[in-house]
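Trainee: Read off the chains here:
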Amino acid sequence: MSSEPLLRVENLKTQFFTEEGTVRAVDGISFEVREGEIVGLVGESGAGKSVASMSIMGLVESPGEIVGGEITYKGETLFGLEEGPDGDLQERDDMLSSEEIRTRIRGNEIAVIFQDPMESLNPVFTVGGQLREFIELNRGLSEDEARAEAIDMLREVGIPDPEERYDEYPHQFSGGMRQRVLIAMALACEPSLIIADEPTTALDVTVEGQILDLVDDLQEKYGTSFIWVTHDLGVVAEICDRVNVMYLGEIVEKATVDDLFYDTKHPYTNALLNSIPRPDRTVTELEAIEGVMPEAISPPSGCRFHPRCPDAREVCKRAHPDVKVVADGDGEPHQAACVKHDAFDAGYDQSPSLEGVAVDAGPAAAQEPESELTANPAGDDSGGENRE
Amino acid sequence: MKLLKYATYRLLQSIPVLIGISVITFLLANLGPGDPVSLMLQGQEQNEQLVRAIEQRYGLNQPLHERYLTYMGGLLEGDLGQSIHYRRPVADLILERVGPTLLLVLSAYAFALITAIPLGVVAADKRNEPSDHASRVAALIGVSTPSFWIGIVLILIFAVKLEWLPSSGLVYPWRPPSTYRSIDGHLELYYQSLRHLLLPMIALGTLQMATIMRVERTQMIESLQGEYVKLARAYGVPERTILRKHAFQVAQLPIVTIVGANLSTAIGGAVIVETVFNINGMGQLFVDAIQQNDYQLMMGVTMMLGVLFVLGVIVTDISYAYIDPRVTYGESE
Chain C
1 MSSEPLLRVE
11 NLKTQFFTEE
21 GTVRAVDGIS
31 FEVREGEIVG
41 LVGESGAGKS
51 VASMSIMGLV
61 ESPGEIVGGE
71 ITYKGETLFG
81 LEEGPDGDLQ
91 ERDDMLSSEE
101 IRTRIRGNEI
111 AVIFQDPMES
121 LNPVFTVGGQ
131 LREFIELNRG
141 LSEDEARAEA
151 IDMLREVGIP
161 DPEERYDEYP
171 HQFSGGMRQR
181 VLIAMALACE
191 PSLIIADEPT
201 TALDVTVEGQ
211 ILDLVDDLQE
221 KYGTSFIWVT
231 HDLGVVAEIC
241 DRVNVMYLGE
251 IVEKATVDDL
261 FYDTKHPYTN
271 ALLNSIPRPD
281 RTVTELEAIE
291 GVMPEAISPP
301 SGCRFHPRCP
311 DAREVCKRAH
321 PDVKVVADGD
331 GEPHQAACVK
341 HDAFDAGYDQ
351 SPSLEGVAVD
361 AGPAAAQEPE
371 SELTANPAGD
381 DSGGENRE
Chain F
1 MKLLKYATYR
11 LLQSIPVLIG
21 ISVITFLLAN
31 LGPGDPVSLM
41 LQGQEQNEQL
51 VRAIEQRYGL
61 NQPLHERYLT
71 YMGGLLEGDL
81 GQSIHYRRPV
91 ADLILERVGP
101 TLLLVLSAYA
111 FALITAIPLG
121 VVAADKRNEP
131 SDHASRVAAL
141 IGVSTPSFWI
151 GIVLILIFAV
161 KLEWLPSSGL
171 VYPWRPPSTY
181 RSIDGHLELY
191 YQSLRHLLLP
201 MIALGTLQMA
211 TIMRVERTQM
221 IESLQGEYVK
231 LARAYGVPER
241 TILRKHAFQV
251 AQLPIVTIVG
261 ANLSTAIGGA
271 VIVETVFNIN
281 GMGQLFVDAI
291 QQNDYQLMMG
301 VTMMLGVLFV
311 LGVIVTDISY
321 AYIDPRVTYG
331 ESE
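First to last, the sequence lines map onto chains C and F.
The first sequence stops at residue 388 when you use the working numbering, and every number in between is there.
The second sequence stops at residue 333 when you use the working numbering, and every number in between is there.
If you're looking for bench data, these hints aren't it; they were derived computationally from the structure.
Heads up, some of the hints might be wrong.
As the list claims (entries may be wrong) - Coverage of chain F stretches by chain C, computed from C-beta distances (three or more under 8 Å per stretch; other residues unrestricted):
1) 223-229
2) 245-258
What the hints assert, rightly or not - In silico contact screen, one side only, chain F against chain C (beta carbon under 7 Å); selected entries:
3) K5
4) P63
5) A234
6) Y235
7) R240
8) P325
Stated by the list, open to error - Here are the computed distance ranges between Cβ atoms for each label pair:
9) F:E188 with C:M118: 22 to 28 Å
10) C:N11 with F:T218: 37 to 43 Å
11) F:H65 with C:E168: 49 to 55 Å
12) F:I323 with C:T103: 40 to 46 Å
Predicted model, so just to flag it, every value in this text is computed and none were measured.
All C-beta atoms in this analysis are idealised placements derived from N, C-alpha and C, irrespective of residue type, glycine included.
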């Protein structure tokens, strides 16, 4: 990596304090976004993708709270904790205040596109008025300049007759058109990073295709970086440069798009890929992932995916793997959080399978004492953090 | 002018409603107990000839449907018949009395809206904090206390005990009363008018205020959770602007509906409040009409209240169409 990334998220933890217990919606994820790239954040509903992206904006709503980790954007700390004099964690001095985040970051540095174009626009204001307001606010333009800019931007995202449609209300626009308006909104504020939170999920497939093409073109033109939050690997394949796969608040695999699809390293990613139709594979029946994702209040022990994992063995119940480099990858280390890879050295090969049938070792291995086995034994760095 | 077209359309639509009201009230007034003729001849010796003469004069000997048609014919010319009790045209009586009632109802609504909307917004903004709980209790009391009781207590405190405000009557800002010789100039007139209006306005407006406040709070909370509020936050819009503009505007739509739907309650309440404060409005006229079995007056007052209510609903609909761009103006475009 040549330069400092645009955005760096390290060990981010966001929790919701509910009456039923603490929901660990985002539980120690790390990823980065470099200039001009589209980074995917993929996972099932409830994996914590949206909470992660809202955490970056400082927009986690009560009872949610960021409880740990560090978010750095263009060298500035959006969130960071340090140990105070009394030993408690407190916010770091160099962290931007919420007022600074509101005026300097939201909109003009990091913009968002939300999932539901039907609900995201205010029904009682004109489309143009809403666009103009955000442009005025984030670029310090006068009303007339902002209006001209808004009309230009509407034209840019492919809205016909932008001068006339400027004064129309959201209900007079179709879903695809509204999503174009939201994209215009994001781009018009000239941010360096756009967080797109499932922006095409609510649209039908043809419109989705048009929107993806549009984003591809505009991304090339403006050089804006994107975090693309989605559950749809098809969209990922089409648009992303690098991908982070999330499961139950954790990132389980990080790779470039090609590595992820052609050299899948995590059983969860594999299961996701098997559950969608792919043009490069012919199958008679798609395989759905068994079971449902557990609640983030009480995640399973060990690897969180083990109850649904076809490759799970005894060790997976105990060892909790963090993402590690498991292969060189194509110009980018390929990381995964699964103990079946040699990098973890957790004794996967000797471990009996969960049904009690030994896979490689004899039945003796099943009586292996339940040692406190972790995926990252102290001092063992054989996996290496970075193998560049 | 789409709005004008819509308004005309709604006005035309109200004609069948008004005809319906007239049929029902005509039937009720005529089929109800009590005979107007014997009432007119109270204290006099009733002979057959006199009764016949009166029936002839008022058209009471005709069949019901013909009497209805005659009545409606007169109505179109602005003739609501003759009040038996007051021995004056009903139309004149109503014209005299409608002003005070409108003044009372409108000012009660003004009081309710001016107080309830800010309180509702604050309660929604400070949800589950002490001010929210306080407003919840206040609203509960406001909804469950009858207006006549509020009126009497207000009179006891502010008129009898403190002697700050008058206990009865109204001073109309458009007509200086002869009894107030001290009044010179418009300012003094408006001041006196306000002093007289204050207590009955609060007595009538409290129920509306409590209802509107709760609806405002609920709507604001819902609106503040809207995706468009999330979007505004994500684009760095200050929280104050979100509260005042983005969330507020959407939340006001149901308030308009509530105001319109509660209009009947307010007009009904005005009858009681006018009695408590001894105001010569439609309410008192209505009570008189019923007590005196003055069926012509009863018909006239009911028709007038019906017209007021229908007009109120139309105004509600039109303002709804005006503030909510999603409402189409009746016919499809």
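Trainee: I'd like to know which numbered hints this structure contradicts. Please list them from smallest to largest.
Mentor: 3, 4, 7, 9, 12
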